[in-house]
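Each chain, written out:
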Amino acid sequence: MTGVGKARVRLFARLSELARTRETEVELGEGLTVGDAYALLCRRFPDLAGFENIVMYAVNAEYVSRDHPLRDGDELALIPPVSGGARVV
Amino acid sequence: MTGVGKARVRLFARLSELARTRETEVELGEGLTVGDAYALLCRRFPDLAGFENIVMYAVNAEYVSRDHPLRDGDELALIPPVSGGARVV
Amino acid sequence: MLFEVVAGPLDPQRLVEHVRRDESGAIALFYGVVRNVNMGRRVLYLEYDAYPEMATKVMRQIAEEIRARWPVTEIAIQHRTGRLEIGEASLLVAVSAPHRKEAFEACHALVDRFKEVVPIWKKEVWEGGETWIEGEPVEHPSSQTASDVN
Amino acid sequence: MLFEVVAGPLDPQRLVEHVRRDESGAIALFYGVVRNVNMGRRVLYLEYDAYPEMATKVMRQIAEEIRARWPVTEIAIQHRTGRLEIGEASLLVAVSAPHRKEAFEACHALVDRFKEVVPIWKKEVWEGGETWIEGEPVEHPSSQTASDVN
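Residue numbers (this note's numbering), protein chains in the order written: chain A, 4 to 92; chain B, 4 to 92; chain C, 46 to 195; chain D, 46 to 195.
Excised from the complex, chain A in its bound form:
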């Protein structure tokens, strides 16, 4: 795997509790996508496995699809289903 930089990863809410961190990094292989990064993180933080189908992704604070490629210096955020306000919608 050719290293082509790093992306910062931010975790929130349930996912940050499961990973026991709010922030980490991933080394970027050529053409590594957001979905690939999540799979890498699941190896490092096994409790994250199984959330692939409910998590949303943001890169540099914009929602993206799981096939979005990561670039050096990107900030990837793992976004569980949101629940703003005082109660469940």
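If you're looking for bench data, these hints aren't it; they were derived computationally from the structure. Be a bit skeptical, because a hint or two may be false.
[As the list claims (entries may be wrong)] Here are the simulated DSSO-like pairs of lysine-lysine, each with C-alpha atoms no more than 30 Å apart in a straight line:
id	chain 1	residue 1	chain 2	residue 2
1	D	146	C	160
2	C	102	B	9
3	C	168	D	146
4	C	102	C	160
5	D	168	C	102
6	D	146	C	102
No experiment lies behind these values; they were computed from the predicted model shown.
Got chain A; can you put chains B, C and D on it based on the hints?
Okay, now just chains B, C and D, sitting in the frame of chain A:
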């Protein structure tokens, strides 16, 4: 006309400006209705004439119809079309 | 419930405190504010007249109507009288409810109803003139009886 | 427009001042408040987590959506993070408009949209347990792209 008491009359907004008073009284004849009272007031305050069809009436702070009879001690209010809040509905 | 006609500035914080309840997840608060333009005319200021004893009574009646139609928790209404400048609030309506949909709908319906039946009147003063704003001419009283506000 | 994620108590007066304009006759202000009961459970308190930089960006995007659909004058939103007790406000949304109908409708739609897309999460803590409230599971990201929030 047999006097059977008095009703207090309150005027508001345009009607109080036209009558140049916010309060007056009417002597009650037997069976005098709210509509009759308005007719009496029009003789005393000619500028009130012509508003019969847009004014509403309240007796003791409850809306009533124009054929509602007045009793001694009642408070009759002449209510122009309302316009609460900051603008026309 | 709280219903007031006041001569000075309105107090939104007091209304919100009044309607807040531990079981209520939503509060909708409406401000009616004096605009600088109405029907194309540049307004200088407004004067509000009221029949206060009846106004608060009618506010209570329409609040009860609303409570019969939506599961709201609490209601508070304040209206100001006298001279109001552009940008000042003339009306506050606060409604709390377990959920936001009911709070919004009930508050909106209550403001609409307020402007139909509460005995409060507005005079608009503009450069070189003034007029009492009397809304739409209403039905004649004989068909608009006390039962309309119960 | 004003969009904030704050750690301390919210400031409704500041939001109202922010949205008030001389040409706006109506302001709708929504309070989301921590309830003591949710889904039949007695709640002790809530914890809110947020991605603040993105949350304020998404608030701006949904506010622009709303301005494209209703003739509103101004919009301000504040959300609080950290531990919130029962009765405290977690969310304020203020919308001003020339007329009340638009203010109410736009404010309601904005709160609904907020709860769908703004990256803020709530943990409910009750006697003997806690859980992150994650709303409805959303569509998979591959069909829920950035265009949904533009």
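A quick look at each hint next to the structure:
1. For the given pair, residue 146 of chain D sits about 13 Å from residue 160 of chain C by alpha-carbon distance, which is consistent with the 30 Å threshold.
2. Distance check on the hinted pair: residue 102 of chain C and residue 9 of chain B sit about 24 Å apart at the alpha-carbon level, within 30 Å; holds.
3. The suggested pairing of residue 168 of chain C with residue 146 of chain D holds, with an alpha-carbon distance near 22 Å, which does not exceed 30 Å.
4. Between residue 102 of chain C and residue 160 of chain C, the direct Cα distance comes to roughly 14 Å. Compliance with the 30 Å bound is thereby established for this hinted pair.
5. A threshold of 30 Å between alpha carbons decides the hint, and for residue 168 of chain D with residue 102 of chain C the separation of about 43 Å lies outside it, so the pair is violated.
6. Between residue 146 of chain D and residue 102 of chain C, the direct Cα distance comes to roughly 25 Å. Compliance with the 30 Å bound is thereby established for this hinted pair.
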